[in-house]
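Novice: Sequence:
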Amino acid sequence: MQRFRVSEDSMRPTLVPGDEFVATASRPARVGDIVALPHPDREDFWLVKRLAAGPGETVDGVGPLGSGEAWVLSDNPDGGVSDSRRFGPVPVAGLRPVVTRLDETTFTEAVDLLGAEEEAFASVIGAHGQPPFWHRPEGFPTLVWLIMEQQVSLESGAEMYRRLHGLLGEITPEAVVGSGEVGLRSIGITRQKATYLLDLAALIADGDLDLEQLGRATQDQARSMLLDVRGIGPWTADVYLLSALRLPDAFPLGDRALQVGTGEVLGLTSVPDVAELELLSTPWRPVRAVAARIIWHFYLASRGRVEPPDPTVEHPSGRGA
388 MQRFRVSEDS MRPTLVPGDE FVATASRPAR VGDIVALPHP DREDFWLVKR
438 LAAGPGETVD GVGPLGSGEA WVLSDNPDGG VSDSRRFGPV PVAGLRPVVT
488 RLDETTFTEA VDLLGAEEEA FASVIGAHGQ PPFWHRPEGF PTLVWLIMEQ
538 QVSLESGAEM YRRLHGLLGE ITPEAVVGSG EVGLRSIGIT RQKATYLLDL
588 AALIADGDLD LEQLGRATQD QARSMLLDVR GIGPWTADVY LLSALRLPDA
638 FPLGDRALQV GTGEVLGLTS VPDVAELELL STPWRPVRAV AARIIWHFYL
688 ASRGRVEPPD PTVEHPSGRG A
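Take 388 as the starting number for the sequence shown in my numbering and just add one per residue.
Do not take every clue at face value.
As the list claims (entries may be wrong) - Ranges of calculated distance between the beta carbons of each label pair, as one might list FRET restraints:
1) ASP615 / GLY553: 28 to 38 Å
2) GLY575 / ARG414: 13 to 23 Å
3) PRO404 / GLN606: 16 to 26 Å
4) GLU395 / THR605: 14 to 24 Å
5) GLU542 / ASP428: 55 to 65 Å
6) ASP490 / GLY443: 39 to 49 Å
7) GLU568 / GLY654: 18 to 28 Å
8) THR487 / ALA688: 21 to 31 Å
These are calculated hints, taken from the structure and not from any lab test.
Note that beta-carbon positions come from the ideal geometry of N, C-alpha and C, so glycine has one too.
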């Protein structure tokens, strides 16, 4: 995994000067991917482009491309033609796809990257091992689970989710709407959280919130869509982006365990607030979601705790969106 910072306008509006990203050599690039690649004519200079065509394909009247050849283009037509229109095909082997979602491999790469850069993280990993790649399935059940976790312990949230699954059989928007407030409150859900669940379920059932569209949106767009839902605040939105959408830089600044854990990991004399945590986390961009997992790993391990069992795994039917 390599870090990069955008310096030119060729990929607007997708990437603008000053944006940071990481790219990986652990998987091949696919057509449509944004990729980093060595400049064909400049030593020690990298470009960021979009892979438009691969071996055997034709693009812009050029082709078919040869074995091992690729055609890369800029997103911004007004940003010049410093792409394959000028320098021709490039070697497929030199392309590094930009990491837009984490998986087991890129997560491990990012842990290694942060561990090499941040001595405090290296100490955590040395003492407690690599953190697990904690993530959750996309969809309605995970949003419900996160609402259950608001203002309570992880264990309490998981237990309430299990009760809800026992009540409904399958956690779907239709089942939640059908249970009504009385049904939800009968298993111990508070009036406020029952209202949140009913509002969320109605939005999805009526088509006003499309969770598949959410998964295709940018991080800022997805966060904004979630924050428009009553009962979903910054913490719930950010944890969903981090755990379900697996976005590399999602970072729930308002998470108390993350604030406390950061203070302890960095040896601070006080717990950082949201503004301080934003500043402290700047060097960890654009993989702050990985930094969060390292810190949470420390927070739990140093207290003799572990992540509670995943209630959606215990009830596989609850995984659907």
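Novice: All the hints need checking, so say for each whether the structure fits it.
Specialist: Structure-based check of each hint:
Hint check: ASP615 to GLY553, Cβ distance near 31 Å, so the stated range 28 to 38 Å holds. At about 45 Å, the CB distance of GLY575 to ARG414 disagrees with the hint of 13 to 23 Å. Distance hint check for PRO404 and GLN606: the Cβ-Cβ separation is about 18 Å, which falls inside the suggested range of 16 to 26 Å. Checking the proposed 14 to 24 Å range against GLU395 and THR605 shows it holds: the Cβ atoms sit about 20 Å from each other.
Restraint check, GLU542 to ASP428: a C-beta distance of roughly 58 Å satisfies the suggested window 55 to 65 Å. Take ASP490 and GLY443: their Cβ atoms lie about 27 Å apart, and the range 39 to 49 Å is violated. Restraint check, GLU568 to GLY654: a C-beta distance of roughly 47 Å breaks the suggested window 18 to 28 Å. In this structure the supplied range 21 to 31 Å holds for THR487 paired with ALA688, their Cβ-Cβ distance being about 29 Å.
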